[in-house]
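Each chain is listed here by its residues.
There are 2 protein chains.
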Amino acid sequence: MNRTLIAILKILAKENKIIGSKEIAKKLKMYGVNLSERTVRYHLKILDEKGLTKVFGKEGRVITEKGRQELETVSTVEKVGFIINKIETLSYLSDFDINSCKGKIIVNLSYIPKSKLKKALKSMENVFNSSLVMSNRILFIEKDDETVIVPDDHVCIGTICSVTLNAILLKHGIPVISRFGGVLEIRDGQPYRFNALISYDGTSLDPLEIFIRGKMTDVSGAIKNGYGRVLASFREIPTVCLNKVKEIYAIMQDKGFQGILMFGEPNQSLLDIPVGIDRVGIIVVGGLNPIAAVEESGIQTYTSAISTLCDYQAMIDFKELNETVK
Amino acid sequence: MNRTLIAILKILAKENKIIGSKEIAKKLKMYGVNLSERTVRYHLKILDEKGLTKVFGKEGRVITEKGRQELETVSTVEKVGFIINKIETLSYLSDFDINSCKGKIIVNLSYIPKSKLKKALKSMENVFNSSLVMSNRILFIEKDDETVIVPDDHVCIGTICSVTLNAILLKHGIPVISRFGGVLEIRDGQPYRFNALISYDGTSLDPLEIFIRGKMTDVSGAIKNGYGRVLASFREIPTVCLNKVKEIYAIMQDKGFQGILMFGEPNQSLLDIPVGIDRVGIIVVGGLNPIAAVEESGIQTYTSAISTLCDYQAMIDFKELNETVK
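Here the protein sequences line up with chains W and R, keeping their order.
Here UniProt numbering is used: the first residue of the first sequence is 1, the next is one more, and so on.
Here UniProt numbering is used: the first residue of the second sequence is 1, the next is one more, and so on.
Keep in mind that a hint or two might mislead.
Copies of the same chain look alike in the list, so a pair counts if it fits in one copy or across any two.
Said to hold, decoys possible - Calculated cross-link-like contacts (lysine-lysine; reagent style DSSO-like; alpha-carbon spacing at most 30 Å):
# : residue 1 : residue 2
1 : K118      : K10
2 : K224      : K50
3 : K215      : K66
4 : K215      : K10
Treat the hints as calculated values from the structure; they're not laboratory data.
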């Protein structure tokens with residue numbers, strides 16, 4: 001499968017209706033592919049032969065189920081550096097306004113077996129009362145909706161992803177450079193050092209998902225007695241923006257957000273991690289810390305980090321959810 | 001703990017004898033730290049107070065057990081980019097000569113419960129008969145030796161790490177650029193595409209260990225019916241070396257080595273992964289494929305990839321080991 005064939009499949013999957021070679025040729029330009037209608041038809045025939053597309057009407061095509069499956073595990077290259085791309089795309093697409101608290105924010109989605117929900121909520125309770133989450137709001141979905149499919153006997157929980165911070169700052173013209181996802185060791189209640197780091201621009205898997213799966217966290221310990229290992233990320237902001245970031249962060253805190261564990265000094269290493277020239281390092285909590293605590297309690301979840309956009313107003317206070325389920 | 005204190009601890013740990021502040025000051029230069037004897041003494045006092053070092057004689061110091069523990073989980077920065085550093089260090093330190101087959105090669109160490117050894121060997125058998133390993137030689141250690149500590153009720157198995165290829169080529173003046181560790185999808189017996197990639201220079205954890213822990217492989221499937229997911233890495237060599245690499249690889253094959261699954265073309269993407277200017281991509285098997293198969297069969301191992309150097313002559317044919325244990 002070459003890039004052109006994949007791009008055509010993507011267009012058909014996205015449009016989700018019958019379209020002709022002329023329209024496909026036009027849309028292909030967005031993927032950096034310049035082809036004549038005639039050449040598009042040639043490629044469509046190849047896709048037909050592979051059973052990935054199928055003729056509909058005279059010149060129209062639709063994608064087949066097999067075509068969709070093919071797309072799902074598509075091309076590696078697109079996955080290299082994928083996490084940083086996901087961060088940048090969702091930061092841009094979020095339209096959350098911190099002053100009115102309206103708009104879409106970025107969430108991580110986790111699926112938890114219904115039978116384990118009570119126990120899971122119990123494990124998350126202390127995390128939501130701590131400084132290790134972005135906010136005490138949570139998304140709770142019991143049945144499929146437009147954006148989320150919930151498997152049988154499961155519920156879906158959405159935690160606010162810390163990339164939301166990037167999105168809010170970006171709306172104020174401040175670019176945040178996301179560098180590493182890591183496991184942050186907490187000693188005596190304070191960030192002590194990173195035990196593991198994975199660069200966002202060199203991995204196709206989300207670093208925080210890797211750390212949870214690898215059972216490398218001890219979020220419960222960090223909360224219970226101040227010694228443990230939590231999910232966190234290392235980011236940088238241009239020095240010139242530092243005061244503005246602190247101002248906006250103060251507004252965020254007013255509105256019930258938190259998440260920045262440490263601000264560094266301009267041009268100085270933070271927890272031994274060097275920063276770029278004229279930049280300041282910041283350490284931000286991982287939005288998945290509650291889910292890490294759930295996994296620590298022996299409940300297996302299926303998690304997709306930096307997953308999707310969700311209306312902030314649809315989220316509820318964790319306490320409220322906890323009361324309802326009780 | 002700042003860099004200076006850590007550097008002093010490292011020197012004391014490495015020397016493993018009583019040394020004075022003068023000698024420490026001299027050795028610190030290697031770590032990029034320039035200090036007077038007097039200042040070194042000041043730092044040593046801080047370490048004494050923390051219980052990390054202890055006075056011996058008039059001016060001498062030794063590292064304490066607590067000091068060693070502190071070093072074990074040392075400084076993050078040293079872990080960022082750690083895997084690529086490990087690759088480069090061991091490639092340089094290996095003195096294996098392909099013509100005489102003498103010297104030290106690089107191995108991955110895995111610890112397997114003794115009670116599961118027979119089953120584990122069974123799972124590895126087909127992998128060692130396939131093209132998915134570097135060689136059919138294996139290291140088998142039942143009791144602690146100079147370099148390896150074997151936990152009770154376990155045995156240690158060493159598989160040849162694919163970084164050995166880098167080491168052999170480096171001895172011939174050919175630099176290999178290790179870019180990604182990945183999960184390679186096999187279709188119809190052939191490499192099809194990477195399903196996941198992690199860059200060696202942006203992770204403190206070994207990518208292949210991550211993929212094994214994350215249960216992302218299906219080595220057994222790849223061997224049984226030609227469809228599966230195996231560990232592999234993406235590397236680059238300068239185009240000017242291509243013929244020489246093929247020559248040396250032919251010698252390696254004569255001597256019972258293998259491991260290069262694909263050679264790319266100069267300046268051309270290989271399995272959709274672009275290469276640097278005037279470079280050729282190569283795809284190399286992961287030395288841990290046999291261990292991935294063991295994990296797939298439900299046996300948990302503890303594995304340390306790109307772990308240590310070991311005398312090639314101490315390794316035995318997998319078949320021989322299999323016969324002995326039977």
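Right, here's what the structure says about each hint:
Proximity of K118 and K10 under a CA criterion of 30 Å is satisfied in neither setting, with 40 Å inside one chain copy and 48 Å between copies. With identical chains, the CA atoms of K224 and K50 are at most 30 Å apart between copies only, with a shortest distance of 25 Å across copies and 57 Å within one. When the C-alpha separation of K215 and K66 is checked against a cutoff of 30 Å, the pair qualifies only between copies, where the shortest distance is 25 Å, while the shortest distance within a copy is 35 Å. In this assembly of identical chains, K215 and K10 lie within 30 Å of each other by CA distance solely across copies; the values are 28 Å between and 36 Å within a copy.
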